[in-house]
Amino acid sequence: MAEIRNYTMNFGPQHPAAHGVLRLVLELDGEVVERADPHIGLLHRATEKLAESKPYNHSIGYMDRLDYVSMMCNEHGYVLAMEKLLGVTVPIRAQYIRVMFDEITRIANHLLWLGTHGLDIGAMTIFLYCFREREDLFDCYEAVSGARMHATYYRVGGVYRDLPESMPQYQPSKVHNQKEVRRWNANRQGSLLDFIWDFTERFPGHVDDYETLLTDNRIWKQRTVGIGVVPPERALQLGFTGPMLRGSGVEWDLRKKQPYEVYDRMDFDIPVGVHGDCYDRYLVRVAEMRQANRIVRQCVQWLRDNPGPVIIEDHKLVPPRRERMKDDMEALIHHFKLFTEGFCIPEGEAYAAVEAPKGEFGVYLISDGANKPYRLKIRPPAFVHLAALDEMARGHMLADVVALIGTQDIVFGEVDR
Amino acid sequence: MTGSRGAVAAHAKETLREAIVNTIEAVGELTLEIKRDKVLQVCRTMRDDPLFSFEQLIDLCGVDYQTYRHEAPEGARKGPRFAVVYHLLSLTHNRRIRLRTFLDDDPPVLDSVVDIWNSANWFEREAFDLFGIVFEGHPDLRRILTDYGFVGHPFRKDFPLSGEVEMRYDADKQRVVYQPVSIEPRILVPRVIREEGFGGRNS
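Residue numbers (our numbering), protein chains in the order written: chain Y, 243 to 659; chain L, 158 to 360.
Hints listed in this document are in silico derivations from the structure and should not be mistaken for laboratory results.
Pairs of lysine to any residue, SDA-like flavour, derived with a Cα cap of 25 Å:
1) L:LYS235 x L:ALA176
2) Y:LYS558 x L:GLU352
3) L:LYS195 x L:PRO296
4) Y:LYS296 x Y:ILE554
5) Y:LYS499 x L:GLY185
6) Y:LYS296 x L:ARG343
7) Y:LYS296 x L:GLY320
8) Y:LYS463 x Y:PRO258
9) Y:LYS558 x L:PRO347
10) L:LYS314 x Y:THR289
From the structure, some residues in chain L lie toward chain Y, with a derived Cβ separation under 7 Å:
11) LEU214
12) CYS218
13) ARG226
14) HIS244
15) LEU248
16) ARG348
From the three backbone atoms N, C-alpha and C, an ideal C-beta is built for every residue, glycine too.
Input sequences plus hints: build the corresponding full structure.
What follows is the structure, encoded as structure tokens:
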């Protein structure tokens, strides 16, 4: 009789469903997964070590490149850790701007997740719809920072600059005539806040569209219901945070439980799942998009009525305005010191965590009093989630592994750092 | 929150008297420095004692203190070189705590906490990979982030930022070869430690 052995298969690192550079070694018994061994590190750039060799401000841009689909939330964790050690209080308007952009980022992240997760398990249509809405959110990023993805917008003591009063316009060209361009520019006539407000008016309708496509879809349910069930006690043991933990029915959200910035003034709900399977995590994330939309609207309303400073005036930490440097020697010295040496952070250590779209994004910063971090440890949520892939995949079919990678919402920028 | 932090510190001193070396409270965070041979006992108490109930291990990382305050006028810090830092989260009490244990031998060895919190698995592999800290009792202590066949522990302070080897395709041998790095590391901004209140800040 022939000897029957398990079959070992290599999944990735160039598999389109591997969401980047995941190499997964699967041990299969027929089509059933016996063991999944993720090999990571193909995108390891030693961000933490690089940060040790640079003044504090230079590393803000690196944070964008960790989880490169929720850029500003990573910056937020990093500047929060620095502000904690420095004892800096951020102006209230900057806090609202940060909350607003965190939530814009959350919507952008969940849209990408929904689009690619759908694409992975056979729902092609959703992908283009999600990316259409994401385009508007990138326009918001571009309007405040000039960059569509890697914004480097948050700074110690606030944000880089105030929200712009006008939006960039499309220009007619050989291929796009005046009439077409006028239609595109219709919602760009006012300020950035008007543009965001217009988006939030439309967005709940778009979420309804996505739900029409998926929530009661028979194929979608067959691919997700009962797949990758994680009971709440296992979710805690495995260190899950964010939608992965809430999908298992644990009501835990740092925005409510340990509020930072002005989240305690916001009115929103925490969606929680029941069964802890892929379908519940899908429902949680879709509900989170609706809640994020609510928060953005509250921020827009407040920001319209309350002008004010968006960054602190302490020029030991924040460069002075360019105009002042022309005739103020003190300002010139401050500028020179900041851009040649940076600022020193008092000796100590701090851990700051934000509720990033994927879970708890934490930054552990040790300072020995120098102008560069002594040690920076980034706690990426997806790293912990991916570690649990083995347990979640055992006993499932090969095709379900794709659904599991999708539901974990992993991004290799932050898993590998 | 301050009161509850004080209560946690007091309770920890009471229940884990001989395991705790030092208690530090700074910037609203509580740190316990624990003896290395008591790590398992402390962690189990931290999880199971209803007054602590830290259900989640949020983070575990290695730290290399070799050049800590190297630029300071009084010179670098003396003491054990490595440390392992645990960040715990209690959902029941909505609290965080940090545990730290110093390790002075090379290679540093510490008991693994995988059995207490399963999330420690990859974190310990990472600390092993990047700092060379060996976790006894870990089920599968392999390198995780660095390349297959990597030599050294890159996050140690004596490991150069640009690494030791680089790889390129050798047309003669028709394969990828490793060779010593050819780039000169350069420091654009020197590392400086300024005294408290330098330039009038916080004065």
